[in-house]
Every structure is written in structure tokens, then in C-alpha cells.
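Protein chains in written order, with the numbering used here: chain U, 1 to 248; chain B, 1001 to 1248; chain W, 2001 to 2310; chain Y, 3001 to 3244; chain D, 4001 to 4244.
Please keep in mind that the hints were generated in silico from the structure rather than gathered at the bench.
It is possible that some hints are incorrect.
[Said to hold, decoys possible] From chain Y, some residues computed to sit far from chain D (all C-beta separations above 10 Å):
1. G3119
2. S3160
3. D3162
4. K3166
5. P3208
[As the list claims (entries may be wrong)] For lysine-lysine, the following DSBU-like pairs were computed, each having C-alpha atoms within a straight-line distance of at most 30 Å:
6. K3232/Y / K4232/D
7. K164/U / K4237/D
8. K89/U / K164/U
9. K2309/W / K2217/W
10. K3005/Y / K3181/Y
11. K3166/Y / K4237/D
12. K4054/D / K3087/Y
13. K3232/Y / K1164/B
Note that the Cβ used here is the ideal one computed from N, Cα and C, for glycine as well.
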Amino acid sequence: MSKTIDKLIPLGFSIFIILVWEIFVKALQIPKWILPAPSIIINSLFSNLPYMFNHTIATLAEALLGFVLAIIISFIIAFLMDSISFIRKAIYPLLIISQTIPIISVAPLFIIWFGYGILPKIIVVQLVCFFPIVISLLGGLASVDDDQINLLRSMGASNLELFKMVKLPASMPSFFSGLKISASYSIMGAIIGEWLGAERGLGVFMTLAQKSFQTEKVFAAILIITVLSLGIFLVVSIMEKIIIPWKN
Amino acid sequence: MSKTIDKLIPLGFSIFIILVWEIFVKALQIPKWILPAPSIIINSLFSNLPYMFNHTIATLAEALLGFVLAIIISFIIAFLMDSISFIRKAIYPLLIISQTIPIISVAPLFIIWFGYGILPKIIVVQLVCFFPIVISLLGGLASVDDDQINLLRSMGASNLELFKMVKLPASMPSFFSGLKISASYSIMGAIIGEWLGAERGLGVFMTLAQKSFQTEKVFAAILIITVLSLGIFLVVSIMEKIIIPWKN
Amino acid sequence: KEEVKEGQKADTNKATLMLDWFPNTNHTGIYVAKEKGFYEAEGLDINIVQPPEGGTVQIIGAKKAEFGISYQEEVTNARSEEIPVKAIAGVIQHNTSGFASPMVKNIKTPKDLENKAYGGWGTPAETAMIKALMEKHDADFKKVKMINIGSADFFTSVQKDVDFSWIFYGWTGVEAELKGMDLNYISLNEEEPILDFYTPVIIINEDLEKENPALIKKFLKATSKGYEYAINNPEEAANILVAKVPELDKDLVIASQKYLSEKYQGDADKWGIMEEGRWENYAKWMFEQKLIAKEIDSSKAFTNEFLPKE
Amino acid sequence: MDKIKVTNIKKTYENLDAINNISLSVANGQFISILGPSGCGKSTLLNIISGLEKPTSGDVLIDGESYIGKSGRVSYMHQKDLLLPWKNIIDNVSIPLVLQGLTREKARKRAMTYLDDFGLRGFEKVFPGQLSGGMRQRAALLRTYLFKSDVMLLDEPFGSLDAMTKRKMHLWLMDIFNNYKSSIIFITHDIDEAIFLSDKVYLLSERPAEVKIELDVDLERPRNNKTFSNPKYIMLKEKILNIL
Amino acid sequence: MDKIKVTNIKKTYENLDAINNISLSVANGQFISILGPSGCGKSTLLNIISGLEKPTSGDVLIDGESYIGKSGRVSYMHQKDLLLPWKNIIDNVSIPLVLQGLTREKARKRAMTYLDDFGLRGFEKVFPGQLSGGMRQRAALLRTYLFKSDVMLLDEPFGSLDAMTKRKMHLWLMDIFNNYKSSIIFITHDIDEAIFLSDKVYLLSERPAEVKIELDVDLERPRNNKTFSNPKYIMLKEKILNIL
Ligand SMILES: Nc1ncnc2c1ncn2[C@@H]1O[C@H](COP(=O)(O)OP(=O)(O)OP(=O)(O)O)[C@@H](O)[C@H]1O
Ligand SMILES: Nc1ncnc2c1ncn2[C@@H]1O[C@H](COP(=O)(O)OP(=O)(O)OP(=O)(O)O)[C@@H](O)[C@H]1O
Ligand SMILES: O=C([O-])O
Ligand SMILES: [Mg+2]
Ligand SMILES: [Mg+2]
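One chain only, chain U, in its complex shape:
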């Protein structure tokens, strides 16, 4: 298959699904406040676009800041856990616990600690995103060929050098699996963060639209969320291709 056709497949398939949806909604006469037809959603998107712009920017900013923070923290945690066995054992359970607590149930604590600004949203995104990255990084680090490690150690490599030269590159494929998972979560993380209270953002927009039963606006927001998430995912995928050239 040629490259252009490759790119047309997902597009074509999406169009197919949208068509089925449109026909299905029209044929069954499903009211638009239950499930609006794609045409209505697109229409609503365009008529609300200028004023959704601000909300979109807010959410995107939260998501990107949180995502980048998550990557940085993941590396620090994974490095520490990999190098110092005491830290690994002490922190592992806490990592998991951090994922099992439904954020909404401890929302009051978040507000008391971090107030109502952009900070709590970034922290929520960070919390949602860092876990898949850490676990994948650790998985990747564990899968490194011991003989390669031994060889470099026998050449006098320090822990940091081993990490940089062997462990990190060897765990890049696994790391990118985690990064792709997180990339897909980042925008949704920001939306969850906005439930903790926000003035702007697509989460706020959706809540308001939902409360006034403008389902088509909710779906217009979901469409934007989806496009943003796919965009971040795509950037990560391209980075993967660039950073792992030896896999091609």
C-alpha cells in the first residue's frame, strides 16, 4: 500500500462511522438532546467556535503543562527507583495508591492545598499522566540485557552513565508505549481537573452545556477534545520515530 493510501484509511474509516451515525440517528429519529447527528454537532461547533476558543486554550495549556511535568517527574522517579533499591521498594506501593484514589473524592483536599488556580488542574493532569510513563519506563529498564550492562560496568561506567547509555535507550520503546497512553489521557486529565472548579476550559464549557441540555455543544466539545488528544498523540508518535531510529 502506498503512503497516501495508508493515511486515507483511518480518515475513510472515520468518515464511514460518521455516516453510519448520521443515518442511524436520522432513521431512528433519535432526538438531538440524546444523541445529536454529526451534522448538527459540526454545525454547533462552527457557530460556537470563536467563543469555545478561550476554553480550548485553557484546557490545552493545563494539559500540556501537566503532561510535560509528568514526563519530567516520571524520569526522576524512574531513575531513582532504578538506581536505589530502597527507594524502589518504598515508593512502588505509593505510586499505585496514587492511581487508585478517585481524585474527585479528595477534591476538597486539592482545593485546600492548591486553591482554585491553574495549579490543581496541572497536578491532576500530572497525576493521571505520570503513572503509565513510570510503569512503562520501569518495565523497559527491567528488560535491559544484563550482559550489556555488565560490559559497560566493566568499562567503568557509573550508574548515571549506564542509565544514559544503555538503560534509557533500551527502554525507549517501552517508554513510548507509556507516553502514548499518557498522551491520550492528558486532555481528559485536564477536564477532570476542571471538575474541581474552574472558570475556563472545555470541562466548564461541557458542564454548562450539559446543564442546559445542549447535547450538541457537549459533543462539539468532545470533538475538540478528541482532535487535541489525537494531535498530542501524533506528536508523540513522530517523536518516537525520531528518537528510536535504530528500530526502522
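Given the coordinates of chain U, assemble chains B, W, Y and D with the ligands onto it according to the supplied hints.
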């Protein structure tokens, strides 16, 4: 370090954190409806234990059913995506989209489609859990040594045999990274599912406790959630050791 | 799913009721009716279910449940979006909600809201309400700082940047009393009659009116009995609710019930009845405030017709 | 008709000519060896004959049929052992049997009978990571053999073996070769080995590989230790040494 | 004093005796070779001397100091090439230089000067996956050399090389050996290579390995093509062949 000490580290560290928390709350006289002291939480846990049991069972059932379903579906999807390039290209964007849609925003649709029973909760758990598994499986499958594939293909292996003999085992380490991520999410997925409307479950319990301002009960529920999640995570980790013997 | 199909057949007696929120003292009459066998006596089997966040109106609109709990603003909003739901009983006669603040914030009248921070959900309706109250007292709404507190509760949010918030007195106000926290409280219905909307109300899908009026009648007959029991026996009624939903704080439920039992029927002739004027005025106000895109026919938004005639 | 006929193979990687122009032929039941400098393109040639890689141009005929890009026809032992790290040795070597439809149990049993010959007895339950280099090579050879095609391609199968073990393997290989009348293409750097085993030796040039010369080895079979002192053998060896 | 002194090494894996009892010594600037059957424990021995594995019992002294379980003292070329798949060839071979503190640029430049000798010129930007087996081996050897320790352990470094390339590598190795007075332990299956290069040859038994015999090679250095026709050489070779 000996094996027993290894196991005592996380325990000891947890106890340390709990002590700090207790002292902190007492010293700053933080009211219990903001952040209850661990002693109060434990106390509340034990006095509510018999009657939290039902909620716990309900949530655990949803989580486990959803988790197992997620594993099964992940394998089917990953196999199809790996074998048939058309499917991979067509489905990849949909997979990501499935993770980017905040479930709560389309909650009414879930009830309308799947009713009030355990089904919508299982579906939510499945939706939350299958994505990390699929992405990690696909990442693992992509990392397989082409020469090994070629060798077996040259011996007449079918796609299914290649999958079983080479691709699957080669992607097990990566798969387990994904599985661990999902295991940590499974209980929380069930809690989110219960927000779609449920009569029983720890999510229901937490909502009710929160709405009647009984923060210590919320934390008692979080404690149970955490223990359950760690339990599922542990089972997955043990399975990993058994299924990947060649890594030891 | 099953209950729904059967519920739409004229002769069956199964039906689903979807709450508006977690079970609380607003719903006591329903739990009493179920526990005391009032529904059973009417040949009904009522299944009470909890809603997905904000989903009750849509579920009723889609006929996936027969009865639901909502509130006047939501019904008005829904009808302006052509969702065919309709109120059949007002659970509490007058609006028991209002703006509360810790005593130390010194907010006694709407005038005092100037230079204070409001913590809410950021809906246009909240803005309009605060504005309406303040304008009546020649206060400047622009001086209020609006903060979205998301899912945080009253007690938490006033710990941080928030000065006042919108509460249901019968629940959060009562909890403050139990906590020994002194509040200033500005009651919506006392300050501004237009804001005396019905909350909560019981709703149905319009179609049910034609398809199975008998079901509605029987349902409301039993439900009325439930609320009447709660009005006359607050303590016992509270205990029935707590027995059904033991996760709730028993002290809070009992205190709340004592407060609400007096408010269910209020000054009306009987429980559940609603005045056309209040529906009309509130809808008009909402339209003027641009809270709804088009005017609604209030007479179609509610009916007293199915309430027991006595 | 030739069993294998390779004509005018050319292979270019991005900006590297690996094989310039190679033609060779193997008659039915013939054993040929290929000698050539390291990196000249020998493994690439076997990859092409086996169908795993496609040549830039040229054709590969087996029994007169073109096998460009079609794998599965021949037994092929790669230069890398390619043992699967997650299967123990017995399961690794019985892969071709399982792929041919035998149950795992039967496959294991069949493979088991060869472990002594290959010096792997006692290591059946061991994972490849715990074997020595030479043992891995022997396991890979056994796996290749069990595929049992009438055409075998062997890429330096005895590179990590000591002289003794190598000699044992030679005798074993001659045995199958005589019994099954397989056609074999054998890559090695060991000139003695090449002459001892083959009917014909191809000498390749530096990369990009071309056939420098094709030498027939007319030493009577079965060959044995006395072969090495045969004057024909010594002459042939000298000739090869001179050309290289 | 001996440069390297290995005394009574024993190594047992779970239920497998790999090395029974090995003692050997290497004088300063001495080149010794180890010959032994495949799987007898040669690589295990080098792993132990390099400090990567611990023996079950016994001791390893280098310059009189015990190096049990302490790696980093010696240059060690493993039997597997262990090139890092994510680094191109020039970066792979310059790893030891970078680890010794050179900047990447300087390390590359230094390594670059050896590429011709190792026949890797033109492949500096290529990833290991695109090299031939022999080229990978040469890259691994160059990397080992650049570590520049006065003790070198080489595990079948020339196993995948043709005779010509091997000869070139031999001459190069003799050169360093003479110039730097390194002490070298060399594992090979090639008897000619062992005799040609060494001052002493150890012959090991079947697993569990023991030293069967230790043979001094008193052929004058520098050695060259004529060495092969030296009667001492021929006698020594015959002796070894008889023992094996
Ligand atoms: N996938 C590839 N991409 C680019 N170049 C390659 C690839 N595979 C092999 N080459 C190049 O092709 C040439 C021939 O390689 P090949 O493996 O065929 O050599 P060889 O004759 O088998 O050598 P050796 O005796 O060392 O095994 C080498 O220069 C190698 O770098
Ligand atoms: N990590 C390990 N675990 C268990 N057994 C091992 C391990 N490493 C090596 N062995 C065993 O020890 C024995 C000696 O192996 P070693 O690699 O030292 O052999 P060798 O002499 O280098 O052989 P070759 O010439 O084939 O490379 C073998 O039987 C091997 O299976
Ligand atoms: O953690 C969540 O609230 O989804
Ligand atoms: Mg090769
Ligand atoms: Mg070895």
C-alpha cells in the same frame, strides 16, 4: 538485603507516612471533616466494616469482570491490529478517541444503551483498562526481532502460529507493563462506573459519605479501594513472574 | 430496561423512579411509600435508581424511567430545548435554598455581597439570581467575585477563597447547625418572590400522561401518603430513610427531616400542588435573563391533575 | 536440471552495493561451499535464496520455479542462532516439527533422539541464555535439520566449535547428506572444512561480491581422515590459498 | 610476580558443574591461549576473571590483588558482540573513550583512526543491525582495544572471520601486544591461531573444565608466515591434535 527485609521496606515506609500524617493532623488541629487522622479512619473502617462488605463485593465484582473483559478484548484487538494492517490503521484513532472522551459527559447515553445493572459499570472498567493493555501489547509486538519472525515464517508458520510462538512471548514484558497500569485502574474504573448511577458499591458509599460530610468514611472507603487495587496489582506481578520465567 | 418496557404497558405495575442526586431527605416520602407498602397497596412495584450526574431529565425524556426527580429550573430549561418532560408534583412547597456564609464574613443582606467572593458552579442562572437580589438592594453585582468550586462542598470552599455559597438549608444549613457553625443565610424565596421556584419536583415524560394516566395517579396517591406520613412523623420517617440508606449520617438525616417535614406541604392545601403563576413568572424571568433561548408554555410544563383529589 | 539456480543476483542497500553479480547452480544432491571475505555479501546471498530478502535484480530458481521473496521452501540456518529466549532447548529445536503439525509431545520425543548426536543431552530444559556459544549453534543446526527440506542453506554453522566437535558434526552432516540426498549450500571461513565437505567451492570477491572462481572438488566419497592427505586435496587447498 | 594468577577456580550453576578446578598464571606481557571443547567452561572462566561472575570457590589475583566479583580492571571482549543496537558503529566503539572522560567528538576522532585497520571504514554511521557477523566482531574487538587495559581477555574474537581478514587481525594484535606489553588471555578453537599467537597454550578437558595440559610455545618473536613451517610449530600442533 534479605527477602524479609525487602518486604518490610514498603511496609515500614507506609507506617512512617501514616505516622507523619497522624502527627501533622493532630498538631495543626485540622478538623476531621477536612482531613481525618489515620486513627479516626481506621476506627471508622472497623465500625463500618460489616456493612461496607456488600459495597466492596459489588465494586470488586465490577472491577474484576471489567478487567478480565479488558484483557480478552485487548488480545483480540491487538491480534487483529497486528495481523491486518487495514484494521490497525482504521482502528488506531478510534482506540485513542475511546480514551479521550470523558465518560461522565456521555453518562446518560450509557444508561440509555446499557440500562441500570452491572453492565454499564463493567463497560466503564473495560474502557478504562483495555487501552494501556492494547498500547503496550502493540508496542511489544512491534519490538519483536524481525529475524526471529522471518525464521519461523520460513519454516511455514502461519500468522496465528507466529503470534503464539514469537510475538506473544516477546511482547509479554511490555504486556505486563500495561497490565500493571490497568490493574491499578480497575477498581477506580468501577468507582467511576458507579457514578453513572448505582445502588451498591464503594463509589456509592463514598458519595453518600461525602454528601453527609463524613470525611472519615470517605477515607475508609479509599483505604479499601487502595488495598483491593494493591491486591490486584500483586496478583498481576506474581503472574508476571510465572509467565516470564526466562527473564529471571 | 425490562421494567421500562413493562411499565409502558397499561396493565403492568412495575415502574422506575430516578432520583436527582444521592438519596436524601427530599426523597423521604418516596422511601416511606415504598417501605410502608403504599405503592404495593396501589399494585405498584417502584424501583428507585440513582442518576448519572445530571442525567435524570434525559433519561425520562428517553423513556428509560417513568418517574424522575428534578427541579423547576431544570424542567423549564429542558422544555425550552424540547425535551418532553413535565412536572406532576412539587415535593417542597417553597424554595428552601439560599446564600449562606459563615457569620464572620458578615453578610446579612444582599447589599453585603459587594466585594465578596461567591463560590458556585458558574452557571448563568446563579449569576442572574445574585444579580437580581443585589439590584433590588441597589448593590453593584460587578463587585462580586465569582469562583467555580466544582465538586467541593460548602464547608470546604469557605475555608479557602470563598465567602458565600448557594446551599439547600434543609441539608447543608442543618449540618452547619449540627457542627455548631454559625451562618448568615439569605433565603431566596423571602428575598425575591420570583425566585421561589419549586425544587425538587417529580417529573414524567409527556407521553406517559396519555399512555398510562392510571399509573401516574396511583403513583402520586401512594407518594402523597408517603410524604404525609413524613410530615406527621418526622422522626419515624427519618429512620425509614436511614434504614434504607444507612451510609447517610443519621443525626443529620433526623435533624434535616425535622426541618423539612414542616416545609413539604408548607402553606398549601395539600402536598404536591403547584401554582401556575410561579411557573409562569419564573419562566419569564429566565427568558428575560437569557437563561433560556426561547419562551415556554408554562401550562404544559407542569400539572396538578394527577394529585389525589382527596 | 539444477536443483538450485541463481542467476545474476544483484543487491544494493540504500547506498551500499552488497552483491554485484552472482550466478551459481547446485545440482540435485550436490554440496557446495562458499568462501569469501568477511562482509562481502555471503549472508545476504543466502537471505535472498531463502526468500527472506529480495534481490535488486536477478532470479532464484529451485526445481525450476522462481522463489524471489517466497520463503518456506528451504531449511536455512542463519549466522545468528535466533533461538527463542522464552523456549527451552528442546522446545526450540522442535519448533519445525510442531509447525509441521506434530503435537508438542511427539515433537519433543522426536527431537530428543538427536540430542546425543548434538551434544545437548541434559540441556533440554535449559533456556538458551544459559548455553555456551557453541551449544547454541548446535541447537540452531538441529532445529534447521528437523525442518527436513531437500535444500539446506547453512551460514557458518560450525564457527564456534572446537576441532573435535566440528569433526563430529562433519561426519554427521555427511551422513545425512548421503542418506537424504539433500542439496546443500554451506558458508564457511574454514578452507579445510569447505574442501572436505563439498562437491564444488565458490570463491567470492570483496564486496560487492562476485564469483571469483568456481572449483570442482573431485574427491571420492565417503571421505575420511585420509582425504586430508590426498594430493588432490592438498593441491586444491593451495590453489584456494593462492587466490584468496 | 605473575600478572594474572587464577587459583583453584570452581564454578557450579544450580545443578551443573561448569568448572571443576582451574589454576593458571599469566606473566607480565605474556600471551596465553585457551583451547577446549565447546561448552566446557571457557567463557565462564573469562567471566570470572573479569569479575562479572563470582566463582563458587577459588581466587583471581591481578598484580597480586584479588578481583573476585570486581569488574572494571580488564579489557574484555565477550563471545557475544554486545554492540548497542541504538548506537552507530563509531559511537559503539568509542564508548570506552567516552567513559574515560573524552568528549564525544574527541572520542569519535580517536576511534576513527582505527577504522581502516578493522575494515570498518565507511560504516561509521551504520547501526549494528546492518553489519555482517564478522564486521560486528571486529567492531567489538576495536571497542575492547580502546579500553586500553594492560590485561585483555578475548573470547573467540576471530571466529567469524575469513583467513585473510583473520591474518590481518593477527598481525595487528601482535603489534599492540609487542608495543604495549599487554597480558592477554585468548580463547579460540583454531589451533594454528593459538600456537601462532601465544607464549603458552592451556588445553582444557570436557566440562566440568580442568586443565589437561599446559604447553609452552617457545617460538621466537616476531612471528611471521615462516613460523608455520618451523618444526617446533609442527610438533606442537601434532601434540595438541593428539591430546584433543
Ligand atoms: N539490512 C542491511 N542494511 C544495510 N546494509 C546491510 C544490511 N545487511 C547487510 N548489510 C551490508 O551488506 C554487506 C554484506 O553483509 P553480509 O552479512 O552479507 O556479509 P557476509 O559476507 O555474510 O559477512 P560475514 O562473513 O562477516 O558474515 C555488509 O557490508 C553489510 O554491512
Ligand atoms: N548463566 C548460566 N546458567 C546456567 N548454566 C550456564 C550459565 N552460563 C553457562 N552455563 C553452562 O556452563 C557450561 C559452560 O559454558 P561456557 O559458556 O563457559 O562454555 P564455553 O567453554 O565458552 O563453550 P563455547 O566454546 O561453546 O563457547 C555450559 O554447559 C553452559 O550451559
Ligand atoms: O480520578 C478520577 O476522578 O477520574
Ligand atoms: Mg555472514
Ligand atoms: Mg564460550
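So, going through the hints one by one against the coordinates:
| no. | hint | verdict |
| --- | --- | --- |
| 1 | G3119 | 7 Å, violated |
| 2 | S3160 | 6 Å, violated |
| 3 | D3162 | 4 Å, violated |
| 4 | K3166 | 7 Å, violated |
| 5 | P3208 | 13 Å, holds |
| 6 | K3232/Y / K4232/D | 27 Å, holds |
| 7 | K164/U / K4237/D | 48 Å, violated |
| 8 | K89/U / K164/U | 22 Å, holds |
| 9 | K2309/W / K2217/W | 10 Å, holds |
| 10 | K3005/Y / K3181/Y | 17 Å, holds |
| 11 | K3166/Y / K4237/D | 17 Å, holds |
| 12 | K4054/D / K3087/Y | 27 Å, holds |
| 13 | K3232/Y / K1164/B | 52 Å, violated |
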